[in-house]
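Protein chains in written order, with this note's numbering: chain A, 1 to 299; chain B, 1 to 274; chain C, 1 to 261.
It cannot be assumed that every hint is accurate.
Said to hold, decoys possible - Here are the simulated lysine-lysine pairs, DSS-like style, with alpha carbons at most 25 Å apart:
{"hint": "1", "chain 1": "A", "residue 1": "K128", "chain 2": "A", "residue 2": "K186"}
{"hint": "2", "chain 1": "B", "residue 1": "K169", "chain 2": "A", "residue 2": "K88"}
{"hint": "3", "chain 1": "B", "residue 1": "K158", "chain 2": "C", "residue 2": "K243"}
{"hint": "4", "chain 1": "A", "residue 1": "K186", "chain 2": "A", "residue 2": "K32"}
{"hint": "5", "chain 1": "A", "residue 1": "K136", "chain 2": "B", "residue 2": "K158"}
{"hint": "6", "chain 1": "C", "residue 1": "K171", "chain 2": "C", "residue 2": "K148"}
Claimed, not checked - Listing some non-contacts, in silico: residues in chain B with all C-beta distances to chain C over 12 Å:
{"hint": "7", "residue": "V93"}
{"hint": "8", "residue": "A163"}
{"hint": "9", "residue": "Q226"}
What the hints assert, rightly or not - Far from chain B, some chain A residues (derived; all Cβ distances over 10 Å):
{"hint": "10", "residue": "L110"}
{"hint": "11", "residue": "L220"}
{"hint": "12", "residue": "R246"}
Honestly, the hints are just simulated from the structure, not real lab data. As the structure is a computational prediction, the values presented were derived from the model and not from experiment. Glycine included, C-beta positions come from ideal geometry on N, C-alpha and C.
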Amino acid sequence: MSLLKPPLISTKGITKSFPRKGETGNADGKSKVLGGVTFDLQSGSFTSIIGPSGCGKTTLLRIIDGLIRPDSGEVVFNGNPVTAPPPKMGFVFQQFGLLPWRTIQKNVELGLELRGVDSEEREAVAQKYIAVVGLKGFEHHYVHEISAGMQQRVGLARALSIDPDVLLMDEPFASVDEQTREILQKQLLQIVKGTSPPKTTLFVTHNVDEAIYLSDEIVLMGACPAKVKEVVRVDLPPQRWRYDIRSAPEYVMLWRKIWRFLENEIMHSEGFGPAAPGIDVEGNVELNPIPNETQANRG
Amino acid sequence: MASSRAVPFSLRLAIFCASLGVFILLWEVASIATGNSLILVGPVSVLKAMVGLFQNHIPQGALGLQSADAAILQTLATIVFGFGLACIVGIPVGIVTGRWKAAEAIFDPWLNATYSIPIVVLIPMLYFAVGADFFAEVFVTFLLTVFTIIVNTQNGVKYVSNALAEVGKSFGASESQYIAKIILPASLPDIVSGMRIGMGRAILGAILAEVLMSGTGLGGMMMTFQALLNTPYMMAVVLLIALIGVGVLQLPKFLERRLFRWKETESISREMRR
Amino acid sequence: MSASRLRYVALSGTLVAFVVIWWGIALAVNNPREIVGPVETGTAFIQLFTDPPLTWLLAGALQVTVTSILLGFSLAAVVGVPLGLLMGRYLIVDLFFDPWVNIWYSIPAIAFVPLTMNWTGVSSTSSIAIAFLIAVFTIMINVYGGVKNISGSLVESARAYGASQTQVMTKIIFPASLPNIMVGLRLGISRAIEGVIIAEMVFSVVGIGGLMDSAADNLQLALSGALIVVLAIISLAFAEITKYATRRAVVWKESQALIRE
């Protein structure tokens, strides 16, 4: 981590508990989802947060954006503590969050509209970003008329239109089918890496492949109560969409490492019980290359 | 109710005309069968009476009765004013109680009461308190309608999806921006639905007030003919009221269809709540 | 303050406020021909149960009103639920009944009153008829909506296992639409109560509604007010019973509409 510039976002000791689901009324049984999260986000970096499902990643992102207050700890953005959603943070939602009664154009304009930008300028900026995400020509469509992938691109355009210092993305491609997701990933990289300096992005996902493909850095979070277990650098070329990334040895190694970490966390927290044969007690699986005999037999 | 996607309008119209024809036929047969023109009167007589009404033929014993036009106008005016007032008061109240829990807690006992206890029961008492003039009737109509509108508006506002709320918050919407740009459009379908149901209540309220309080307007006219045992004319007025009821309700339905094109699903355009 | 305590405080607070304001207005107007205060109404209410001739009147009227409500509602349920199920399931039935439901539903209840007066006279039978006419369409519409909301895959899987039409209806459609049926019944009962009261008020001779109306005509406003309270209690009782029945019947589904009250 560079020590020359202060980090863009800095989280220190974030904790958060929620009343346990299923218990109504008194929330004595609170489940702690975040148990002291501390990490820094450098400007210009694409950082993913990955961890077992249901363990506070989404909550953490919302705390960083100021949508939820943490029980303890603080978030510092551009030197100021975050108490409410800062104007320079752009959030992209998993379920898109588009207003169904507005056209695409009007949806993208929402951020600017709320900031009091006048209508001519709004329109121009919105149209620019609609073109950036490749939806030119769809400005006057309604949300239900376009596909899920397109809807999320609208969400992205909307977040970009306010010219944020950082993009916060909450599993944005989880509601989209696999094929569309790959295309969107490529597009996203091209967009955020295409500006100079590149757009700082904080990206929550539970998809290992996605995290490696997109990120400069990956924050590994443990099971509940979640803490940052490790931060991994991704040493792959910046313009990844040009290469066959997934065959690179670096990629494979990273994938193994992260997946092993996740499996460990999940097995321990979900009580999967005695290890299945071939998996040792710690839940580690040795991933070996396919032996030559089998390859020959397949012929 | 039949999804208009699946069934062409012409077919539905045809079936409706056919069943309408069957209905009128049965009605005529039944009226001849019972023979007693006090109990049931055939469609022909009713139509004749309707024509008579509009030509201002004053039937025997009904001297001093309002003309049909005047009665219709009065009833319609009562409905419109009562309904309008109910919207002006009810929609803002519904927004406030939907948005702020404290307001909801205060209003809820009253709303629940009106769910359980029919307000119509107060009408005879109201007669003594406020009299029976136009304003009294409008007040009764208002009372009967306003709670429906409040409840439906409140529901729409309360259940604005969390996702939309978060979007507003993350883009830094102020309270007034949030209400104007997110809550109102999102809850508009429920508000209009409440208006549609409220319209039905307003019609009921107006006629009820006329029957129980003033004895004027279409409601009063209906009861006058009833008292005079003039069944054809009475049924003509009932038919008129029914036509007004059906006709007036087409407006909110039309509004719902036009305003909410952005909705993907066909709204089940009937009441699910009162 | 927790939510339930706040509601309790708000409830008692508003009740007290209501009674006080009522009292104040009655005092200010000071004309027993126009408005009667809570004290007099309360006294009359007690008299209803302590004064033998009044109690006798009350008992008779109560019986008439409650049976009218029950009969009218039951008839509406017995007719409305199956019809709603059939309309939801079979397009033919839907197409045939649809415009009629539209029309009858738009007619204000009061318009039925003089008609029934002609047919069954000024009696509780007429009240029952009116209650039936109003409640049945509400029930039908809600049941219909419930059926329409059933996921196609539920029906498909039943048919895949060889269920007959009747079995699909009884084992899949009916249970799956139960929440909406219960909502329909809840609304239906309040409309039936309303119908009975309207009819009784117009007839002015039968039931609690009639009693209340005659009392008002005789300028016995306190008695009239007391009878309104009686009606309120009856309505609340019915509402609670249906709420309870709803909770028992639909254990598996948590729905906003059901929880709201």
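Structure-based check of each hint:
Our distance criterion of 25 Å between C-alpha atoms is met by K128(A) and K186(A), whose separation comes to about 20 Å. Proximity of K169(B) to K88(A) is assessed by CA-CA distance (about 13 Å); at most 25 Å being required, the pair is judged to hold. Restraint check for K158(B) and K243(C): satisfied, since their Cα atoms lie roughly 22 Å apart, inside the 25 Å limit. Taking the CA atoms of K186(A) and K32(A), the gap is near 35 Å; set against the 25 Å cutoff, the hint is violated.
With a C-alpha separation of about 36 Å, the suggested pair K136(A) and K158(B) falls outside the 25 Å cut-off, and the hint is violated. For a cut-off of 25 Å, the pair hint linking K171(C) to K148(C) stands: about 16 Å separates their Cα positions. With a least CB separation of 14 Å from chain C, V93(B) remains clear of the 12 Å interface cut-off, as annotated. Taking the minimum C-beta to C-beta distance to chain C, about 16 Å, the non-interface status of A163(B) holds against the 12 Å cut.
With a closest Cβ-Cβ approach of about 4 Å to chain C, Q226(B) is found to fall inside the 12 Å limit, against its non-interface label. Non-interface call for L110(A) relative to chain B: violated, since the shortest CB-CB distance, roughly 6 Å, does not exceed 10 Å. For L220(A), the requirement that its beta carbon stay farther than 10 Å from each beta carbon of chain B is met, with the minimum near 26 Å. Chain B leaves R246(A) outside its interface by the beta-carbon criterion, the shortest separation being 33 Å against a cut-off of 10 Å.
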